[in-house]
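Asker: What follows is each chain in one-letter form.
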Amino acid sequence: MKKLSLLIGLLVLSVTALIGQTKVITGTVTSAVEGEGALPGVTVQVKGTTIATPTDVNGRYSLNVPENATTLVFSYIGMKKLEVEIAGRSVVDAVLESEMVGLNEVIVSAFGIKRNANEIGSAVTTIENELITQAKATDAASALSGKIAGLQINTVNASVNPDVRVILRGNRSFLGNNQALLVLDGIPVNLAYLSTLNPNDIESMNVLKGGNAAALYGSEAANGVIIVTTKSGSRDKTSIQFSTTTTFDKVSFFPQLQDRFGSGSASDNYGNPLYEAFENQCWGPEFDGSMVQIGLDDENGAKLIVPYSPLPDEKYKFWDTGMTYQNDLSFSSGNETGTIYLAIQDVKINGVVPGDEARRDVFRFNGSKNYRGFTASASINYTIRTTNTSRSGVYWNVLNTPMQIPLTDFSDWSGKYTDAAGNPMTNWADIDHYYNAYYPNPYEELERLRRETRRDYFTGVVTLEQKLTKWLKFEVRGSIAPNWYRYENKNYARTYSPYGLLMYTQYGRSVSRTKNLSAYTVGENMGFRFTTDAILTFDHKFNDISVRAIAGGTTRDSFGKSGEHVAATLEIDDFFNIKNRVGELGGSASWNQNRSMGLFGDITLGYKNYAYLHASGRNDWSSLLDPSQWSFFYPGVDASLVLSELIPGLKGDIISYLKVRGGVSKVGSINIDNYSLENTFGVAGNFPFGSLSAYSVGNTLNNRYLEPEFTLSKEAGVDISFLNSRINTSITAYQTNTTNQTVDMTVSSATGYTSSKINAGEMLNKGIELELKTTPIATPNWRWDFNANYAYWYNRVVSLAGDLEEIDLGNTAIYAIKGMAFPTIKVTQFTRDPQGRVIVDGTTGMPTIDAQTIPRGQTVPKHLIGLQSSLSWKNLSLAISADYRGGHIFRSDLYYDLLFTGVGKLSAINARERFVFPNSVINTGTAENPVYTPNTNVTIQDGGAAWWTSTMRNLSYYSVNSAAVWKIREISLTYDIPQSVLGFTNNVVKGLTVGVVGRNLFMFLPKNNLYTDPEFGRNTGNAVGRTTSSQTPATRTYGVNLTVSF
Amino acid sequence: MKKLIIILIAVATIGLSGCEKWLDINKNPNDATRANPDLILPGVLKTWGADVQNLTQLYGAWMGYWYHAGGWSGWYSEKKYEITASYLNRFDYYPGQLTDTRFIRLNSGDNVMYPAITDVVDAWYYSRLIDLYGDVPYSEACQPELTLTPKYDDAETIWLDLIDRLDNAITVFNNAVNAADHATNPIYSFKPASDIVFSGDFTKWKQFANTLKLRLVMRLTNVRTAAELKGMMDNTVAHGFITANVSVNPGYSSSDGKTNPWWNTFGKSFSGTVQTSNTQYVLNRYFHEKMAALADPRLEKYFFAPASASPAGTLISRVLGVDGDLVTQPNSTTAANYSWLFIAANATVTSGRVNSGDGALDRAVIMIGPEAYFLQAEAASRGIITTGMTAQAAYEAGITASMTASKVASADIDPYLTSVNVAWNTAWSATEQIKRIIDQKYIANYFLNHFESFCDYRRTGYPNPMHPTFTNDAALDPLREMLSYYPGGLIRRQIPRLFPYPQAEININNDATMAAINAQISKNGVTFNTTSYPFDARTFWDTAPKTIGYDY
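Protein chains in written order, with our numbering: chain A, 1 to 1046; chain B, 1 to 552.
Source of the hints: derived by calculation from the structure; they are not laboratory data.
A virtual CB, placed ideally from N, CA and C, is assigned to each residue, including glycine.
Hints should not be assumed to be uniformly reliable.
Distance windows between CB atoms, simulated [stated by the list, open to error]:
id : chain 1 : residue 1 : chain 2 : residue 2 : range
1  : A       : Pro482    : B       : Asn185    : 54 to 62 Å
2  : A       : Glu913    : B       : Val420    : 50 to 58 Å
3  : B       : Ser419    : A       : Ile909    : 22 to 30 Å
4  : B       : Ser419    : A       : Asn272    : 39 to 47 Å
5  : B       : Asn30     : A       : Ala801    : 54 to 62 Å
6  : B       : Thr33     : A       : Tyr316    : 47 to 55 Å
Straight-line C-alpha distance at most 25 Å; calculated SDA-like pairs for lysine to any residue [stated by the list, open to error]:
id : chain 1 : residue 1 : chain 2 : residue 2
7  : A       : Lys23     : A       : Glu67
8  : A       : Lys757    : B       : Ala504
9  : A       : Lys250    : A       : Asn1008
10 : B       : Lys27     : A       : Asn759
Could you build all of it, start to finish, from the sequences and the hints given here?
Answerer: This is the structure we're talking about:
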């Protein structure tokens, strides 16, 4: 790093020495768009200088360039910027390609079929590499946030290895998968592969939002498709690129804490809280600045004394500054007959949770070779991800630290201290002396409970393509995608001194004989996916009519196994091997396999270059269903009409492009796991006992004749460009109805089962998506691109099974409720009178909790806004990406945690005094004929621990808050070192870019969200909208980047 | 082109015909899809032991045996009697045990032994559900093919049907015992290894079924005349009753999840870690004083004296809902000053103490032997059973059995039986006899059977929740009663009598559950909330006057 900055310094110093002789270069610039011909007004610039000229009306230019100039840059609004190497020539022609949606952009569709944008009858958004890597995000998923209308990415937490949930156009299935399908280099793979990719390897991502795409990808594509195309080598140049990025993570949001009360959990005869030196809860007396003891006397009677004053920053300072080091090296080359791309990436992450680490290494090889009409290509990727993280609930433990505790002083829990005379001194942080009688020192816990994982992902795709005639092509593709996952949970042994043992025994802390023994769990999951495709493509023009027809078949075989071995106690401390166990070996193993095949046909008819009709059909067979239900068919049709071509005179200075489109499609999908058709018997609790085994009837009522779910999608849209394509808009309206859902419905326990699988119910989704791409400023030196997108989601559960009113999505307070949005949070509330006032007891002043829970609101946003701005001046560019989500709510379980521990701000808002419950009433009538009289003077019985930790904590109403959030996701400032500066390297260094990047720098939340980033979720399942203290606080990231190309 | 299409179709057709085999791979390799009654029964019986243990825990505090140690937060709901619909969900008995017993009944073919055992199991589970909730689903329960929203049935109707089913079971067991061919006749054939309660001893099953029937019959003393109850018992009384604990042992061992459930909860984990429940519960002042007034030698077998006690050996107890909140918190020297459950002496789980030795491997108790004697004593006293033991004989046998199980030295038993506050007095009135019997049953029920004490308390009013010297003025003498008067939110000076229906049932089976709630509300004039429902709603047999306990 140091050497590199020295190099940059030297380069800058040598600028003045580089002015020399000039020569003249001429050429013609034309458009790649059919019928556009020569392009006037294109800026031709010598790279790295301000030497530039526009082309004339015939697209011609002539430019004096310095002798040492290497590259010309051609730029024009609506066209992709093109760099061309001069390579000693005096005539340099250029062909510019369109970059606007709605123009003749080529879109990679299913099976790598390149389709002209004119013929696409549904909404497709394309994201190029630049937009994905601008802020050097470590994984491609999070880099997409806010950049595509109708796409929602949720990160499960801020850990070193976060999972993401990716949703297009909302949720369609109550309980089934709602996440988009990932298609990587033509093959469908698990969405988890998205975060295994090196973002730099991605050439482009095409997002197919509607169901229309599914005909070719099959039922897995019912929720939209993200097609990732990785880079292939360039046919006309060889380049090597090296990039290094270092970023820092800091906790950016922390729950608001109270600063009035210290530790304690009990009160005296008069209800006054008592100070407790060893308590984890914070329900003690008010701070007074006096000196108090924390913890107990040590063996010699010494005490640890601290001021009785709040230390609100300690819990924030507990978190480390995370560091991410990302190094990339890639090689790209090729010629007329073949290409090659090789890349390697190493990402090393240190998390904000002290001691958490992760590493990702990615190796990629993409290559192709053509021989006459035959083309063979291969794409191979290998990713290794390792993590070493704490398994402790450390956030919960940190929150369980009273406000006067100098938490960060206890970080050295294993240290040994001596006084000046060499006599041992008490380390107040060690396990024997830590002040807290109920929770261990969080620093010690972090090191004692560890989880180490390693995941290996491999993808290999081989494609063989033979041109049979000019208009007929046959293609076969085979792919394998194995992945292997190994995890180890390690509990390190903990040994107490006799003093510590006594102390812990007395306070109920768990002790095992004389210590906590070590424990070990090791598990492995293996997954394998094998797909084959055979496709025949017909492509021919009959005068004005073009026909492209595709017929094909595909098979998929997925299988996997998982197994776990548990040694609940180890004999030799910290020797982590299952042979070293005490007692019986625990564990489990399972195998799963499913297969599917499909036959499909797809035809596109075009008239001239403005009217297109596209139809598709597919039949699937899936092993997941009963043989009588194996086969199911679904069709789709869409059309597009380019009015700007059809209606003469429409295309002009104002409107440069206008297309209308619409389509209807149906997709079947199977949302059940393997082996879900038959009822099962589980091994009865903890059996076998010796030779005695026992089984118990399972709790799920399965259904042999489950059918696929079907989604009917309709969409219509308009793409318009104005002012010579400086303003491009795209508007899409859609509706989907998903019927015949596989519902794993919670049933009354009295049926003898807890859930039942049936086909029932319907979900409706409607929405509008707007995309705007503009270039307000474009001069030779200045360019400003501004893109905005907006999506409105409307969602209703139309019906559930029979007269069922709601489905519990797994004991999370989150439901599918008939007539409401999906999913909806339900809460408990205080009993209220008909006017909505809380009814309290006339004597105790206490409210009661109503037996009926009430729906409180939806947990997916109604509105999503994304904004991206990219401003460049000469070689300096500034890119900003922001997004908003709103109209939804979430439940934060930190509400409960903070009320339990008493450190949260809410628990001190009334100074813990008794108070009259606001806007409450007392029933002064009878139970049968109530009379509700406003309560003006009966206070609740206790404003302290009992009220907050019991009454309020039993109520979920207040744990739910608005989930609206504005985020400044990405900011990057980059500077391309001018070619003139790099000239002294004799063209060895062809480009050098330095940049400053930031991600998630700012988050704007509503005032009543005291808790966390509402984007977090408990997992990637459908029951979104609930966060817990297992999600560590949100972080912001900032850092520097340097990219060199050779 | 045409040729190609023909070839493609041909290939597809050939391919498809081979597909059937290729696709037919959905056979579950992970979970069994077949089972038989032999394989289901051991799980049912083992879980039974754990469920008995689970119910006893809560009532340890509410019935005045235990209280929560200081230095722990929580238990506000218990201390405040703030019982919401989310507090407890024992409807898990349905998917847990009652589907298993149904499977056994439906798959036993001609065999009559397995169904008879499930009648006994069902009688226990449904009677507990009615004790806890009142009306519950029964006639439509566990029949998902019939309905996913089972209706609730009248508790009394269910109860009488349970007694009928026990009668049937007793008949079947009796026939088996008497049948000369019971070893070979397929209708009696039975795999003894799967009976981890009695190892296939049908005489014991018969006595157990009969004792359980007596428990159910005696529950009806407030709603049926003694003559009616006698009529119910007459047909089976001659079959006799259990004389020792009914217990289960699948083969407990010192491995994870394989230890005795009582030991695992109140003692130590399989690896020797002291469980928190052990140190969370300490001797309750009410039980302490009650036992002390009788100079009962079982007290020191139930609890240990703290090392710091002065004079040595003195037990130190805590007061329900008071200590730990009003009394100065314990510190390193006072924390050990209460009498905990744990004792490192040579005692066992079944004695009401847990120890470090064989507790992990002990049998788990389903019904205690002394209960059978006290049931007979009360039945004799009320004239429900007129043959066999007299009330006095059964009373003394019950005390003796309890003392023996608690490892009281046999030399100490007789003096206790003849001591002034215990010795049977023929001059006792009928009411006094019941009070004495129930008081002794209460002491015998300690640890293993708290829930039964709670049922006796609701039915008879005994044990009286107030100390004999109670002045009816809490300020003067707050420390000697069974009732909590936790200051933060005391609602009633009364133990909750009935649980609200589980929140999950209100949510999922709303119509049926609300109908049951409304029936309770109209029967008892209560509202369904934490303030009145748990106190004023009652199960059908709980009709004792409300003067037991008293309103706030």
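Asker: Taking the hints in turn, state whether each one holds.
Answerer: Hints versus structure:
1. A:Pro482 to B:Asn185: 54 to 62 Å: Because 58 Å falls inside the window, the suggested range holds.
2. A:Glu913 to B:Val420: 50 to 58 Å: holds (54 Å)
3. B:Ser419 to A:Ile909: 22 to 30 Å: Violated, since Ser419 of chain B and Ile909 of chain A (Cβ atoms, about 59 Å apart) do not stay within the stated range.
4. B:Ser419 to A:Asn272: 39 to 47 Å: holds (46 Å)
5. B:Asn30 to A:Ala801: 54 to 62 Å: About 27 Å separates the Cβ atoms of Asn30 of chain B and Ala801 of chain A, which means 54 to 62 Å is violated.
6. B:Thr33 to A:Tyr316: 47 to 55 Å: The hinted range 47 to 55 Å holds for Thr33 of chain B and Tyr316 of chain A, with Cβ atoms some 54 Å apart.
7. A:Lys23 to A:Glu67: It holds: about 6 Å lies between the C-alpha atoms, which stays within 25 Å.
8. A:Lys757 to B:Ala504: holds (18 Å)
9. A:Lys250 to A:Asn1008: holds (23 Å)
10. B:Lys27 to A:Asn759: Since the Cα atoms of Lys27 of chain B and Asn759 of chain A sit roughly 21 Å apart, the hinted pair holds (cutoff 25 Å).
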